[in-house]
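Chains A and B, in that order, give the protein sequences. For the first sequence, the residue numbers in our numbering are 12 to 470. For the second sequence, the residue numbers in our numbering are 12 to 470.
These aren't lab readings, by the way, just hints derived from the structure by calculation. It cannot be assumed that every hint is accurate.
Treat identical chains as interchangeable: a pair holds within one or across any two.
[Unchecked claim] Simulated crosslink set (BS3-like; lysine-lysine; CA at most 27 Å straight-line): (1) Lys451 with Lys189; (2) Lys282 with Lys227; (3) Lys223 with Lys246; (4) Lys24 with Lys408; (5) Lys189 with Lys329; (6) Lys243 with Lys223; (7) Lys436 with Lys451; (8) Lys128 with Lys398; (9) Lys451 with Lys29; (10) Lys253 with Lys128; (11) Lys329 with Lys307; (12) Lys301 with Lys253; (13) Lys74 with Lys397; (14) Lys455 with Lys223; (15) Lys227 with Lys301; (16) Lys227 with Lys246; (17) Lys282 with Lys246.
There are 2 protein chains.
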Amino acid sequence: MGLSPATLRSLEKIVGKKYLTTQKEELLCHSYDATGQSFLPDAVIFPETREEVANIFKLASQKKIPIIPRGSGSGMTGGAIPVQGGVVLVTSRMNRIIEIDEENFIARVEPGVVVSKIHSACEARGLFYPPDPASSSVCTIGGNVGECAGGPRAVKYGVTRDYVLGLTAVIPSGEIIKTGVSTAKGVAGYDLTRLIVGSEGTLAVVTEVILKLLPKPRAVKTLAVFFDSMEKAAKTVSSVMKQAIIPRCVEYMDEASINLVREFLSFELPKTTRALLILELDGHEDQVEKEAEQIKGFCHRAGAIDLLVAADQAEAQKLWEARKALSPVLYKIAPNKINEDIVVPISKISEMVEITGNIQKESGLTVVSFGHAGDGNIHCNIMYDKKDKDQAKRAEKAVDDLFRATLELGGTITGEHGVGITKMKYLPSEIGSIELEIMKEIKKVFDPDSILNPGKIFS
Amino acid sequence: MGLSPATLRSLEKIVGKKYLTTQKEELLCHSYDATGQSFLPDAVIFPETREEVANIFKLASQKKIPIIPRGSGSGMTGGAIPVQGGVVLVTSRMNRIIEIDEENFIARVEPGVVVSKIHSACEARGLFYPPDPASSSVCTIGGNVGECAGGPRAVKYGVTRDYVLGLTAVIPSGEIIKTGVSTAKGVAGYDLTRLIVGSEGTLAVVTEVILKLLPKPRAVKTLAVFFDSMEKAAKTVSSVMKQAIIPRCVEYMDEASINLVREFLSFELPKTTRALLILELDGHEDQVEKEAEQIKGFCHRAGAIDLLVAADQAEAQKLWEARKALSPVLYKIAPNKINEDIVVPISKISEMVEITGNIQKESGLTVVSFGHAGDGNIHCNIMYDKKDKDQAKRAEKAVDDLFRATLELGGTITGEHGVGITKMKYLPSEIGSIELEIMKEIKKVFDPDSILNPGKIFS
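With the hints as extra help, turn the sequences into a complete structure.
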C-alpha cells in the first residue's frame with residue numbers, strides 16, 4: 012500500500028525527523044518477532060510522549076493507516092508484526108520509570124521500560140515486582156501489559172494483570188484515556204484496565220502503567236530435584252501445594268529438555284534423570300528453611316533420585332541455568348519450532364505428558380516440554396524443518412492434536428503468549444461464537460476503523 | 012408500567028407457578044437493599060437453572076422488561092434495587108457448590124451460594140477462599156462478583172476479581188456465554204471475565220463462577236493495638252508493611268467508632284484510646300509468631316498505649332467484636348447514614364483523617380470512620396436525619412467535600428461498594444467523559460435495549 016510523501020511528512024512533524032524512518036534495514040528490523048514470521052511495515056516511528064502518540068493516531072485514523080505497537084519484539088505469537096503493513100510504533104523512547112512510591116507500594120512507568128529494570132529499581136528500594144517472564148532482560152512492560160505476561164513466579168504471585176492498577180493509554184481516535192486507580196482497591200465503573208491488559212495491543216496503546224508492588228521477600232531458597240519419571244515429579248508438586256506451601260516457582264523439564272541441556276550444566280545430573288523440578292521458595296527466613304525441609308521430605312517419599320539445595324544466590328543461578336539454557340539449544344534438534352504455551356489443570360499434567368509422548372510418536376517429530384508445573388502452564392515445543400513440506404504438515408497436525416487434547420482436559424490454548432496471528436485459527440475451538448462476537452464488538456468500540464494492530468486475535 | 016397477564020403467564024411457565032410472585036409483601040421484600048432506598052418491582056422470579064435464566068431474558072428482551080439480578084440485597088449502593096420497576100431475578104435457588112476440586116485448587120459455585128458457606132466448605136478441605144466482606148454471612152458470591160467485593164483481607168489477598176477464573180453467564184439476549192478458564196493462567200481473547208466482575212449486574216447474569224482457591228493458612232494470629240492518636244496508628248501500619256510483613260487484615264477504627272462500641276466490648280479499652288488497629292497475620296506457625304513479635308516492637312516504638320494478642324480463635328473473635336459491633340450501633344448517633352467506601356493512598360490516611368475531622372466540624376454532623384487501613388479503604392459514615400432538610404443538605408455537602416478531597420489525594424470514590432445509584436452523580440468527577448462513553452458503548456454491546464439492571468452506574 013505505502014504511505015504518501017505528505018503522510019510521511021506529517022508523521023515526521025509529530026516526532027521529529029530523527030524518529031521516523033522508512034529505511035529498508037529499519038523496516039526489516041521491525042518486521043518480525045520471536046515467531047520468526049516477518050512482514051515489512053511502511054514506516055517505523057519512535058514517539059517520546061503520549062501527546063505524540065495521540066497525534067500519530069489522529070493522523071492514522073484520518074488516513075486509515077494501520078498502527079502496530081511494539082516493545083522489544085520478543086512476543087511469541089506475532090502481536091508486534093505488521094501483517095497489513097502500516098506504521099510500527101516503537102515504545103523504546105518512552106522508557107522512564109516515572110516514580111517508585113515506597114510508601115504506597117506503587118510504581119509508575121512508561122511502556123518502553125525493560126521489565127528487569129523495574130525489578131532492579133524496585134529491589135534496590137526493598138520492593139518487589141513479581142511477574143518475571145523468561146524474556147525479562149529484554150521485554151518491555153508495555154509488551155507485558157499487552158500480552159498479560161506470566162512467567163514462573165505466577166504460581167505464587169499471579170500474572171501481569173494482578174499488578175496493573177491503572178493505565179494511561181491512547182485509543183485509535185487519538186484520545187488519551189485514564190483507567191483504574193493508583194490505590195490497592197477501586198471499582199468505579201467497568202474494569203477498562205483489565206480489558207486493555209491482555210488485549211494484545213488491539214484496543215489502545217498504553218503510555219503509562221501504574222503497578223502494584225510488594226515488599227521484597229526476606230529470603231529466597233532454590234532447590235533442584237531429579238526424578239526418574241514425570242509421574243513422580245507431578246505427584247511431588249501436588250503434595251507440596253497441599254501442605255499450604257506455595258513455592259514462588261515450580262518449573263519442570265521433561266526428558267527431552269534434560270538431554271538437551273545436560274552438557275551445558277555446571278553440575279552433574281544423575282544418569283537416570285527423566286524429569287527435573289526447580290522449586291523456589293521465598294518469604295520469611297525461618298519459614299523458607301522449614302518449607303525447604305518439608306519439600307525434601309515429600310521428594311524423598313515420592314522417590315526422587317537426588318536433590319540439590321542452593322546455598323546462595325550464585326548456586327541458585329547455576330540451578331536455573333538448566334532451565335534458561337533450554338530455549339537457545341532447542342534449535343539443535345531442528346531448524347524450526349512451534350512453541351505452544353498450553354495450560355492444563357495441575358492434576359492433568361501427567362496425562363498431558365503422556366499425550367505429548369503420543370504426539371511425538373505419531374508425528375515422528377521431537378516434542379520438548381518444560382514450563383510452569385505449579386500452574387499447569389506447559390511450554391510444548393514441536394521441533395521441525397519448515398522447508399520440509401511433509402514435516403511442516405505433520406507439525407501442523409501435531410499442534411491440532413495438542414490443542415484438542417488440551418481443551419478436552421479442561422485447559423486453555425494460551426496461558427501467557429496470547430493469540431496474535433499464530434493461534435488465530437485455533438481461537439474458535441476455545442472461545443464460543445457469541446463470546447467472539449462480543450469481543451469483536453468491543454474491538455469496534457475502541458477501534459471502529461480497525462487501524463490499531465489489525466489482523467490479530469480474530470480472523 | 013406493570014406486566015401484562017400474558018407476560019406473567021409466560022414467566023410462570025418458565026420457572027413454575029411457585030417461583031414467580033407479584034404479592035405485595037414479596038415485592039416490598041425485594042424492593043430495597045442496604046442503602047435503605049426502595050422501589051417496587053412488578054414481579055419477583057426465582058429461577059433454578061441457567062436455562063431458565065436464559066428463557067427469562069429471551070422473553071424480557073422481546074418485551075423490553077427490565078430484569079434486576081439480586082443476591083441477598085446486602086449491597087451498599089442500590090445495585091439490586093429495581094429503580095425502573097420490572098422483574099427482580101433472585102438467585103437464591105441457584106445455590107449449589109457444584110465442585111471443590113482439591114487437586115486443582117478451584118471451586119465451581121452457583122451465584123446464590125452465601126459466601127461464608129464457600130469459606131467453610133473450603134476450609135473443611137484444607138483450602139481457603141480469601142475474600143471476606145463484612146457481610147459474608149449473608150451476601151452471595153453472585154453479588155460479590157457483581158460488585159467485585161473486597162473486605163479486610165484484601166490487603167494481603169486481593170479482591171474478588173483476583174479469585175474469579177471464569178464465568179458462565181446469561182447476556183440480555185438470552186444467550187449463555189462462558190468466559191475465562193478453569194486453570195491458573197489463560198489469556199485467549201479479551202478478558203470478558205474481569206469485565207463482568209464489578210459490572211454491578213449490568214452486563215450479564217452470572218450462573219456459575221469458577222473460583223481460584225489457596226491452601227488454608229496453617230496459623231492465624233490476631234492483635235489489637237490501642238493508640239492515643241490516629242497518626243501513630245497510621246505510622247505503625249506503614250512500618251509494618253515496609254518490613255516485608257503483610258498482615259492479612261489491617262483494620263482501624265477512629266475515636267468516634269471506638270466511643271460507639273466501648274460499652275459492648277468484653278475487654279477493656281484504655282481510656283485515652285483514640286485509634287484502634289486490629290491486625291491479623293496468617294501463614295506458617297513460626298513466621299506468624301515472629302512477625303507478631305516484630306509488630307509488637309513497631310507498635311511500642313510508635314507509642315502504642317497497649318496491645319492485646321489473641322491466644323486462640325475465641326479470643327480473636329472477641330477482638331473482632333469491636334469492629335463487627337460497629338455497623339449496627341451507628342444508628343445510635345442518628346437515624347440515617349451515608350456510608351462511603353473511599354480509598355486513598357496509604358500515605359494519605361492521616362491527611363484523610365484530618366479532612367474528615369474538618370468535614371465533621373463544618374457540617375456539624377458526626378462522621379464515623381473505620382475500615383481497611385492496610386489498603387487505604389476507609390468507610391466514612393456521615394450520620395444525619397433524613398427528615399431534617401437542613402441536615403440532609405449538610406450531609407450532601409459533606410459527601411461532595413469528602414469525594415473532592417479523596418480525588419485530590421489521588422484516591423477513588425469507591426473501593427468495594429460500587430457506583431449503583433447512590434454514586435452515579437459523582438462518577439463523572441472520577442471517570443473522564445471519553446472513558447464513560449467507552450463504558451456506555453460496552454454496555455450497549457451486551458445490552459442494546461438496556462433491559463438488564465437499567466438506571467445504574469451511568470446517569
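Note to self: Tell me the numbers of any earlier hints that the structure contravenes, in ascending order.
What the structure shows: 2, 4, 5, 8, 9, 13, 14
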